[in-house]
Each structure stands twice: as C-alpha cells, then as structure tokens.
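Participant: Each chain, written out:
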Amino acid sequence: MSSYLNVSSGPHTRSRLSTGNVMRDVCISLVPAAAVGVWHFGVRALIIIIASIATAVLTELVFDLITKRGATYKDGSAVVTGLLLALCLSPCVPIYIPILGSLFAILFVKCFFGGLGKNFMNPALAGRCFLLISFSSTMTNYQYTDAVSSATPLVSLLDGKTVNLTTMFLGSGDATGVIGCSIGALLIGGLYLLLIDAITWEIPVSALVVFSLFIGLFGGHGFDPMYILANLLGGGIVMGAFFMATDPVTSPVTSVGQLIYGAAVGVLAGVFRVFATAADSVSYAIIIANLLTPLLDTYVVPLPYGLRKNANAGKAGSSSALTPKMFMPAVRLTVITLLAGLGLAGVFNLTKNTIEAQKEAKKRASYLEVLPEAVDVKASDELTAAVEALAGGVYGTDFGKAYINDAIIGVDESGNEVGYVVNASSGDGFDGKISLSVGVNKDGAVQAIAFTELNETAGMGMRCDEPEFKDQFAGKAVESFVLNKAGGSTEDFEIDSVSGASISSGAVVNAVNAALDFLHKNS
Amino acid sequence: MGRKSFHGGVHPIEHKELTRNAAFETYLPRGEMVYPLGQHIGRPASPVVSKGDHVAAGQLIAEASAFVSANIVSSCSGTVKAVERRRTVAGVYAESVVIENDGLYETVPGLGTKVDHRHLSQEEILAKIKDAGIIGMGGAGFPTHVKLMPKDPSAIRYIIANGAECEPYITCDDQLMRDCAGEILTGMEVVLSLFPGAEGVVIIEQNKPEAIAAMKKAAEGRNIRIMAVRTKYPQGGERSCISLVTGASYGITQLPADVGCIVDNIGTIYAIYKAVCETTPLMERGVTITGEAVKRPCNLITRIGVNCGELLEAAGGYKDGVQAVKILAGGPMMGIAFDNLNVPLQKNNNALTFLARDEVEEAERKQTACIRCGRCVRVCPQGLTPQLMSDAFAKKDFDRYENKLHGLECISCGSCTFICPAKRPLTQEFKVAKAEIMAAKRAAKEKEAAKA
Chain H
0 MSSYLNVSSG
10 PHTRSRLSTG
20 NVMRDVCISL
30 VPAAAVGVWH
40 FGVRALIIII
50 ASIATAVLTE
60 LVFDLITKRG
70 ATYKDGSAVV
80 TGLLLALCLS
90 PCVPIYIPIL
100 GSLFAILFVK
110 CFFGGLGKNF
120 MNPALAGRCF
130 LLISFSSTMT
140 NYQYTDAVSS
150 ATPLVSLLDG
160 KTVNLTTMFL
170 GSGDATGVIG
180 CSIGALLIGG
190 LYLLLIDAIT
200 WEIPVSALVV
210 FSLFIGLFGG
220 HGFDPMYILA
230 NLLGGGIVMG
240 AFFMATDPVT
250 SPVTSVGQLI
260 YGAAVGVLAG
270 VFRVFATAAD
280 SVSYAIIIAN
290 LLTPLLDTYV
300 VPLPYGLRKN
310 ANAGKAGSSS
320 ALTPKMFMPA
330 VRLTVITLLA
340 GLGLAGVFNL
350 TKNTIEAQKE
360 AKKRASYLEV
370 LPEAVDVKAS
380 DELTAAVEAL
390 AGGVYGTDFG
400 KAYINDAIIG
410 VDESGNEVGY
420 VVNASSGDGF
430 DGKISLSVGV
440 NKDGAVQAIA
450 FTELNETAGM
460 GMRCDEPEFK
470 DQFAGKAVES
480 FVLNKAGGST
490 EDFEIDSVSG
500 ASISSGAVVN
510 AVNAALDFLH
520 KNS
Chain V
0 MGRKSFHGGV
10 HPIEHKELTR
20 NAAFETYLPR
30 GEMVYPLGQH
40 IGRPASPVVS
50 KGDHVAAGQL
60 IAEASAFVSA
70 NIVSSCSGTV
80 KAVERRRTVA
90 GVYAESVVIE
100 NDGLYETVPG
110 LGTKVDHRHL
120 SQEEILAKIK
130 DAGIIGMGGA
140 GFPTHVKLMP
150 KDPSAIRYII
160 ANGAECEPYI
170 TCDDQLMRDC
180 AGEILTGMEV
190 VLSLFPGAEG
200 VVIIEQNKPE
210 AIAAMKKAAE
220 GRNIRIMAVR
230 TKYPQGGERS
240 CISLVTGASY
250 GITQLPADVG
260 CIVDNIGTIY
270 AIYKAVCETT
280 PLMERGVTIT
290 GEAVKRPCNL
300 ITRIGVNCGE
310 LLEAAGGYKD
320 GVQAVKILAG
330 GPMMGIAFDN
340 LNVPLQKNNN
350 ALTFLARDEV
360 EEAERKQTAC
370 IRCGRCVRVC
380 PQGLTPQLMS
390 DAFAKKDFDR
400 YENKLHGLEC
410 ISCGSCTFIC
420 PAKRPLTQEF
430 KVAKAEIMAA
440 KRAAKEKEAA
450 KA
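In the order they appear, the protein sequences are chains H and V. For what it's worth, numbering that gives the first Met the number 0 labels the leading residue of the first sequence as 0, then goes sequentially. For what it's worth, numbering that gives the first Met the number 0 labels the leading residue of the second sequence as 0, then goes sequentially.
What the hints contain is simulated information worked out from the structure, not anything from laboratory work. Any given hint could turn out to be false.
Using 30 Å as the maximum straight-line C-alpha spacing, the simulated DSSO-like pairs for lysine-lysine come out as follows [as the list claims (entries may be wrong)]:
1) H:K117 - V:K15
2) V:K440 - V:K395
3) H:K117 - V:K446
4) H:K520 - H:K484
5) V:K433 - V:K394
6) H:K117 - V:K365
7) V:K150 - V:K444
8) V:K15 - V:K294
9) V:K395 - H:K67
10) H:K67 - V:K403
11) H:K377 - H:K484
12) H:K358 - H:K441
13) H:K117 - V:K430
14) V:K444 - H:K67
15) H:K475 - H:K520
16) H:K117 - V:K395
17) H:K469 - H:K377
18) V:K394 - H:K117
19) V:K365 - H:K73
20) H:K362 - H:K469
21) V:K294 - H:K73
22) H:K432 - H:K475
23) V:K444 - V:K395
24) V:K450 - V:K395
25) H:K520 - H:K361
26) V:K150 - V:K15
27) H:K400 - H:K358
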C-alpha cells in the first residue's frame, strides 16, 4: 500500500474508443467507394489513392519531426484526409495532383493551424478547392477513356440532357466522375457510420433535405422527382453530406447547431449549383459552412435539461431540443447564410453581365482591328443565316476541328461595304481552343488576323500572337494557306510555322482557311 | 407518465459477474475501529465520549452538531482509545473516534426490539431515524432525517427507492434486494407513512433479474411499484431516477423535493427499516469487495468503522502475483481512489474495488487533441455540452462556463470522460472548474458580508 498507486480523479475507467479507431472507422466506411472506384477506373485510381494517402501521412510525419511535437501522424487522421481527397479527384489527374493536394491539405490547412482538431475547414476539401483553382482544366477532365464521353452526369444534366440514374448510383458502365463516384457504395459507407454512431443523422439529413428543397424551389424544374434525384446523385452532394460535412472537427457539436449547419450546406450547395457554375458547388458550400461552426458553437448552446422551461411540469418528453433562447440565433444564422449565399450568386450574376459586355467590346475591337478600312461593323442576314446553319458543328472536312463562330460585314464612314470579318476557331490547338478573327477585303485579300482566344504554351504556341507570325497572312489573296514547318517560305500561300509550335501554328492556319472557305462559299 | 430511460448515458463494462452471485457473508471485524466525525454531508458530529470510556455496540459516540449533521454510533464494544485525526478514504486526516475493539460485540440494552411502525407517530419515526445516524448510503452521505423533512411534505408525490446500482463492479444492493426484499419494502412503507400523498417506486436496472423477481414478489399486496429500467449508466443518479419516474428535470438551484420527489438508496431504506422496526441504529452495511486484483471477490455484511486492510484480508487478499494498481472506495465511475488501506470503512462506502489495470494511465498515453466528435455532448445525462465547457475551461473563461454553458449543472457522473475517444479528462476539468467558481462565489459573498 504505497504511494506508487495512481490516485486519480474519477472516472477511473474508459471506453475502448480512441481517436485512432474513430479514424479507422471512417476509412472502413470509405472502402466500398474506393473499391468500386478502382474496379471501375482501373489501377490509376489505386495509384492516385495511394499517392494521396502517402503524401498526407508523410507531410504530417515531417511536420512532427520538424516541430518536435510528438508522433501525431499515427492518429490516422492524415489517412482519412488523404483518402477523402483521392476519392473526390478525377481518375485522369496526373500523379502530382493528389500529391500537391494532400500536401496543401495537411500542411497549410491542418498543421499550420495547430494540427488535429484545430483546422477551421475540412482539409481534404480545402485541398480539393486549392487544386480546382490552381489546375482547373486538369481537375475537371473526366475523360478517362477515349470511348466515353467526358461530361460528368451533372454537367450533362445542367446542359439539359438526360442522365442514366442507375449508372450514377452504381458508379458502373459509362459513369464518369471522381474516383468515389458510386453513390451506392457511398451510401453503404454513410449508413455504416450512422449505425456505429460515428456520425450523427443531423448533418446529412438536414443537408440533403434542404438541398432537395432548394433544387425543387429554384432549380427551374419544380419538384420533378427525377430531376431532384439526379441532382442528389450527381455532383458529390452525397459524398459531401455523409463524409465531408460530417467531419467532426469542422462541424458543430450540438444537435441544433448541426441541423443549422447542415441546412447551410444544403442552401449554399443549391445556390452555387443553380446560380453559379455547376460542378463544384458542394466543395465550396461545405468549406464556407465550416466557417460558421465556431459561431454556431458559441451561440447555439442547448439549455441543460434541468433549466428548461416546463421541465418541472412533470410532462414526459416535454424537453424540446430547440429552446426559445437559442431560437433567435438559429433564425439569424439561417438568414445570414441565406443572404450570404444569395449575395454570392448575385455577385456572380452581376459580374457575369460585365464579363459578357467586355467580351462583346473586345470582339468588336478585334473585328475593326483586322479590317482597317472599316469604321463599323454590321450583321448580314445572309452570313448570319449561314453561321446558324452550321449549328456549332465542325466546319468542313479539310480544316481539322474548325468552327465558324461569327461572320459580319465591315462598312466605311459612308456606309459602303469594305469587306468581311469571320471569327473562327480551331479545336486542334496544343492546349484547348484557338479563336481568331480574319479580316478580308472586297477583293478577297486577307487584311489581318487577331486572336480572341489563345491559351497556348508561353514562349511557344503563344508566339502565334506575335507580328512575325500573324503578319504573314496580311495582304494575301489566296484560296487557302499551307503551313511550312521548315520555314523560309517564298510563295504567297505559304506560312512559316512558329518554331517549336507547329501544332498551334497548324491550328491557326486551319482556322484561317476555314474562314476563307466560308466566305468563298457565302459571299 | 415516466420514460423508458433518461437522455444520454453510457455503457461501461459491468464487471458485476465477479460478485453477482456472491451471497452476503457476515464479517465481524477484529481490529481497531475508527469513526470519522465528518463522514456525512454537513457539519461533523461532536464526540460524546472521551478516551478511556467503555462503549457498547449501538451506543451513541458522537451526536449531530447542527440541523444538517448526523449521529454516529459505535458498531462494536470496547474502549475509546483516542479522539484524534485519522486518515480517511478521501485522503485527508479528519477528527475521528478510535475504539479498541474487544471483539465481544456487547450491545446496548433494548437493541433489536421489534416495533410495529404503524403504531408510531411521524415525529417518533423521524427521531428514530435521526438517532440511528442514518445517512445516504449510496455514496453522497446526506443525513436522511433532513431529507425526510422537506419544507412542504404534502408536495411530495413520489418516494423513490434507488436500486439501480449502475456503477460497474458493485453488487451489494443487488444482494440486499434478493435477501431482504420484504424488509426494504417495509422500510418504504415507513417512509411513505411520513408522506401519505406519495407513491412508492423502486427502480432496479434490468441486469438484476433475481432482485427484480424478489422485490416484485415481496411487493404483492403492497402499494409499491417496482420499475425495471434499462441498464445504462448513470441510471442510479438522483436526477436520472426522477426523470424516469416523473419525466421532470431540475437544476442545481433546486432539490428533488422541489419536483415532488425524495430519492433514497436501497441501503438507506433498509437502514430505516432496521432503525424503526428493529431498534437497531446504523452499525453495519453491505459492502462489495471486488476487482480483478482480489483473490476472492465477495459481498460482506460488516461493521462500519472497520479497517479497509482487514476487509481485503477477509476477501482473501490479493491474487497470487497480482498487485492492485488502483484502489477505489466505490466503483470505477464515481468512486474515490486512495492509496492507503489503513483507513476505516464509512457509512457511505458501498464497495472497495481493487483494480489490476490502470485505465487512467493507459488513457493518458493515448490522449490526443480533441477531435470535436461531440460524443460527450450526446452522452451527457444533463444535456450539457462538455466539449464547449472544456474549451471554456482551457481558456479560463469561467463566465461562459457558468452562465452560457451552465457548467455548474454537471453532476460529475464521468460519462463524458468515459466516452471521449481523444481521452480528454473532461469530468476532471469540470470538477476543478466547479470548485473554482464556487470558491470565487464564496469569496465574493464573504467580501460582501465584510462590507456590511
């Protein structure tokens, strides 16, 4: 009987739960979705998952070593972050994407804010949003085989096409999307988490219900069950509601707080999906709702049972979860969330118009630039009809993936027609679409070309925009141009390629040729 | 009326199998007996004997010194050796009467005389309970006669006998209900005779089928309801019991009587029966000697004041090659840990638990930062938010702790600490917070009084 006994303050026993096995349970719940992803998308999905998890754990380990703060990498939370991030990446992303995303998620969002339990937004989602901003085209490329269309079900849906709900549910067949796209597998995981009490029902239920209501009210299709169901199955709202929004660190701890927070996720996801550009509404909705958590946990505190009104009345079950004292903050927060969401949507709409106007002005300026004799442009019924007849399809057969976007007539001060301007594009550029305007005078001679859209490689394809290349077209009246990759052209129809950028140069020549051909046939 | 269960709660491993079927054995102590004067809530009793006096079992040795205080009677015969400071299970040295036990157990005259309580007036009953030195035997130790004298007796609608015994390991109330169901129910009738408008309810957790059967059988023909309730900790908490029976809740500024209830432990009710119907003051009690480190876990009927070391010997001592790493007065959820067995058994000690595994130390090693999972909020039987309270405590924001989070409502049941995956010492923090807030309040009050 001596002092080596550990005289502790009660309780002297503990449950078997630990942070480690809480994290393990989340990983288990994600296994079905990961398995379906690997089965469906193949080994590259597996490589992305492994890279993401390994980077997450390694980052935490290195941070532990540098800061000498003890081995927190063992608690399993980094594994969860890595796995979650991988499951919401396209299977087509290059390997550096999961690595950078995990690094950002763990280092900047988690470790720098104090590590486990201290991060203010979901690390995996913050990592995903970081990637979306930094590598937008890579991140939204879902074309994992040539045979399959690259549009995700949600993008198709927003384009007004019908989608196959069954493949969306199973994540099979020609389903495209992120690695964890099988809604069925995600629901199994979510249900598992609910059953073992690892997550509460409040957040997923409130998020999904409010989101459905929002889509029904503002989605433009009314309460069409198929449309709402398609919205629920696509775009990651299920993944978000069950696995991302329920991240305990960044969601409120009280039941009512969780209901409000879930509703905020639902409203914001709805706002972003309906009023803004589709695909990643849920990611942004959740990380913005995460920011509400400290506020909710400060003001939405339930009264203990002993202090509730009517508590003494002796009425069984009289203790309602929502007491008047916390009702007003709850209402206020809901209103704030709604206003914030609508505000964001409003800003988007306002800027959308400005952006459109700017685009118009730029287009007009580029038209005048390529036809120096003209002081104004006007539409021609004939040309407009011809453009519309193409219905946005590929123009001709000899110009690669060329498109005619617009064609107008240029006029001088006295209103006489002095030539034409055709805006054409080529989809054969090195990195996306090249669009340009070609000015042609009455005699069929090219006056100048100007780019309206050019996203080629800096120092190479981008040099198409330099006079050295552009001016080769000016003053030449030919039926079509030919690209001379070797350089040193002598003939009028020959165009010297920008050195090292023959693909970009070829696309430009194709677009110009398409424009000339179009004019030839329609004027 | 009534609920199936209270809100929240946890399911610790019961460990009751160690002594579940260990019938009571009577153990008469041989060694020196020690009676701390302050083993109840309220003012310590004043000794009425001095060194050298000869006392008999059942003789008053210290009397209640205030309204909230309790008598203490000798549980053995012998000579008063000293009235001095002795170590108690709480780890402090407290003024105690020490009696050299002569082992003869001579009793005071008249002890054991059978009395029919129906012939007694309410005042006589209350006097007998007070004289017997009965206090809450479940652990709290509040003087029973005070509890039985609420401001408005006619407002009492329920007398609740608490036989939930939700603490892991402990089975002495279970045994008592199996063995003495009739006596307990008669004790209930004694209490009910003080409150003619009240209904008697006995609460028993469903993990005690034998006790439920015995009590139900004994209740036939009596106007007392036996309620079998879900096995869940802290079912035996006063507030849990009341919420179960009436659906009502109350805060720290109120007493059970304010919601029309009086809750007494089964052991207390039995002690009332003994005092009133058998003229026997509180000298002995049932105690469970248990834990993985004990060679022969058992239930003993023994004398209050016995040395705890002697009780361990009575249970066969430690298992061969095993040493207890933690000794508890009570169970592992709300029991008090102590490190020296040379202390006396008090009226309110229902068990001595000798643990072979130190889960507290293990938890300290596994501790991580709070992951805000909210499990503590979901299990709190008082509807509090331990996660936020812990946060306020860490920031020393006692204003938020007390006024926004209502942290004084915490009953220290330990459910939050038990469930916490990050192994945070939540209950322990709240004990400190409550103590600091109460101390600050007292200081402010004294300052106020000094000014006036």
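Participant: Would you mind marking each hint as holding or not holding in the structure?
Facilitator: Taking the hints in turn, this is what the structure says about them:
{"no.": "1", "hint": "H:K117 - V:K15", "result": "violated, 40 Å"}
{"no.": "2", "hint": "V:K440 - V:K395", "result": "holds, 16 Å"}
{"no.": "3", "hint": "H:K117 - V:K446", "result": "violated, 41 Å"}
{"no.": "4", "hint": "H:K520 - H:K484", "result": "holds, 28 Å"}
{"no.": "5", "hint": "V:K433 - V:K394", "result": "holds, 15 Å"}
{"no.": "6", "hint": "H:K117 - V:K365", "result": "holds, 18 Å"}
{"no.": "7", "hint": "V:K150 - V:K444", "result": "holds, 25 Å"}
{"no.": "8", "hint": "V:K15 - V:K294", "result": "holds, 15 Å"}
{"no.": "9", "hint": "V:K395 - H:K67", "result": "holds, 27 Å"}
{"no.": "10", "hint": "H:K67 - V:K403", "result": "violated, 37 Å"}
{"no.": "11", "hint": "H:K377 - H:K484", "result": "violated, 37 Å"}
{"no.": "12", "hint": "H:K358 - H:K441", "result": "holds, 27 Å"}
{"no.": "13", "hint": "H:K117 - V:K430", "result": "holds, 25 Å"}
{"no.": "14", "hint": "V:K444 - H:K67", "result": "violated, 47 Å"}
{"no.": "15", "hint": "H:K475 - H:K520", "result": "holds, 18 Å"}
{"no.": "16", "hint": "H:K117 - V:K395", "result": "holds, 18 Å"}
{"no.": "17", "hint": "H:K469 - H:K377", "result": "holds, 25 Å"}
{"no.": "18", "hint": "V:K394 - H:K117", "result": "holds, 15 Å"}
{"no.": "19", "hint": "V:K365 - H:K73", "result": "holds, 11 Å"}
{"no.": "20", "hint": "H:K362 - H:K469", "result": "holds, 18 Å"}
{"no.": "21", "hint": "V:K294 - H:K73", "result": "violated, 39 Å"}
{"no.": "22", "hint": "H:K432 - H:K475", "result": "holds, 25 Å"}
{"no.": "23", "hint": "V:K444 - V:K395", "result": "holds, 21 Å"}
{"no.": "24", "hint": "V:K450 - V:K395", "result": "holds, 28 Å"}
{"no.": "25", "hint": "H:K520 - H:K361", "result": "holds, 27 Å"}
{"no.": "26", "hint": "V:K150 - V:K15", "result": "violated, 39 Å"}
{"no.": "27", "hint": "H:K400 - H:K358", "result": "holds, 23 Å"}
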